[in-house]
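Q: If you want the building blocks of each chain, they are given just below.
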Amino acid sequence: MSEERLIKLELGRLNIHLPERRVSLKEALSSPKPCVVTRDGGTHLFKREELDFLAKLLPEAERERLQLPILIAIDPKLGRGAARISGEVEVKVAAAILGKKAEGELLIYRPEVALLRRKLPTTTQYFFVPG
Amino acid sequence: MMAAVIAVAPTRMELIKLRRRVGLAQRGHDLLREKMDALVIEFFEILRRIRGVRERAFTQLGVAFKRLSRCCAAMGTIETTQAAREARRELQVEVGTRHVMGVVVPVLEAVEVERPPTARGYSIHTTSALLDEASKEFERALKLLLELAELEESARAVGRELERTKRRVNALEYVIIPRLRAVVKFISMRLDEMERENFSRLKRIKAILERRG
Amino acid sequence: MSFKIAVIGDRDTAIGFALAGATYTHVHVEKESTLSKLTELLAARDVGVLLITHRVAEGLEPELRWVMREKGVFPVVLKIPDKTGHVPRVDELLEVIRRTVGAEVVVRAEAG
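In order, the protein sequence lines correspond to chains E, Z and U.
Going by the working numbering, the first sequence opens with residue 367, and the numbers climb by one from there.
Going by the working numbering, the second sequence opens with residue 21, and the numbers climb by one from there.
Going by the working numbering, the third sequence opens with residue 5, and the numbers climb by one from there.
Hints were generated in silico from the structure; no laboratory data involved.
From a predicted model like this one, the values you see are computed outputs, not experimental measurements.
Just so you know, even glycine gets a beta-carbon here, dropped at the ideal spot from N, CA and C.
You may find that some hints are simply not true.
30 angstroms max Cα-Cα, derived DSSO-like pairs, lysine-lysine [what the hints assert, rightly or not]: (1) Z:156 with U:87; (2) E:413 with U:75; (3) E:413 with Z:205.
Derived coverage of chain U by chain Z (criterion: at least 3 residues anywhere in the stretch with Cβ under 8 angstroms from a Cβ of chain Z; other residues may be distant) [to be verified]: (4) 48 to 58; (5) 63 to 73; (6) 79 to 88.
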């Protein structure tokens, strides 16, 4: 049974970097030290230049709806290297950065994931779908 | 680690349990491999940024050292050392953390590294302009070095996690899953064999009963 | 949270960074006292970054490796060249890459 325990341990660690509660872009912009608390009790800082960049992409009304960090969902069922972005405003932002059309859920591939991560290293996070 | 032999009784119950273990191991492997792929992306992005900063930082540091030796030559080493002692040496660095998946990585931000000569603490009147120049170049160098420090530490931390994850993925792919699959196959074949033996025995019994009656 | 900068190196390095605002500086004279100072600075609660020259760092081996292993995320330690521009033959970071993703990738990385 030892490999089961090992696997369950690793799977448990997969999403440990995600926050208990996400914050809206609006909230982050107005905070002196924009950050979230991760599931293992750590702090994850948002870089101000990323927040400002996101603010430029969205009208004020939508800044409240954008939840940070934006989740890049990795589901093995989608195939290796594929990822999904969900949420109307999140999709709008990602599509703008990637130069794609914003429609429903966005399915992206490895080079696009890399580009998103390069542009928004602290305001995006990977989410591994346990399935 | 795991026992070299998985000792299981060849029953249908065990086969079901084993198949479940294979499923979990396969799912674990696939997810960990995605994590590994993601870590590779992060790792190379950090390296790319390091390449951009490192040369600039070290070149700037070289410039700073040259200015300093010029200053020492003009002002004298003792006077320069004295000025360094008098300087305001309370530069603050804002320190934070960010997470790259499970890896905690430092975030450094210097507060006002570059200062006007009057703010540095040494007397303007008794020191040469060369001192101001040397200080300015070192301030510039320090700013770049802080950026580099953050990046190099990040590369080390992400690299370590990548290595670890790679080992797990390989262990699953090349050792654990093949072993489990082999046992599943063995048990499955054994069960089929036992069923065939059973079936033959029943046929023989039926034949005997028919002959009697 | 605000933290200070520490520097360990030769005299010129210490002077230069002191002028730039580094709070703690240590001029390396001999191994024992430098190692002791390094340990002290790594444990200090107000040091956020520690710069140390490659030359001094090499002189502190093999104990340095052990001391660094005990370190947490902070302070962040960076090895820097001194005024001679001395950097070790083996690039530590390149070694990390080699171990992590293999030799062929290193060739590509070195080629830029």
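Q: If a hint holds in the structure, say so; if it doesn't, say that too.
A: Hints and how they fare:
Pair hint residue 156 of chain Z plus residue 87 of chain U holds up; C-alpha atoms about 16 angstroms apart against a cutoff of 30 angstroms. Proximity of residue 413 of chain E to residue 75 of chain U is assessed by CA-CA distance (about 26 angstroms); at most 30 angstroms being required, the pair is judged to hold. Annotation: proposed proximity of residue 413 of chain E to residue 205 of chain Z is violated, straight-line Cα distance about 53 angstroms (limit 30 angstroms). Residues of the segment 48 to 58 of chain U with a Cβ under 8 angstroms from some Cβ of chain Z number 3, which satisfies the need for three, so the listed coverage holds.
Residue count for the segment 63 to 73 of chain U with a Cβ under 8 angstroms from a Cβ of chain Z: 0. That is fewer than the three needed, and the coverage hint is violated. Remark: the segment 79 to 88 of chain U is confirmed as covered by chain Z, as 7 of its residues place a Cβ nearer than 8 angstroms to a Cβ of that chain, reaching the required three.
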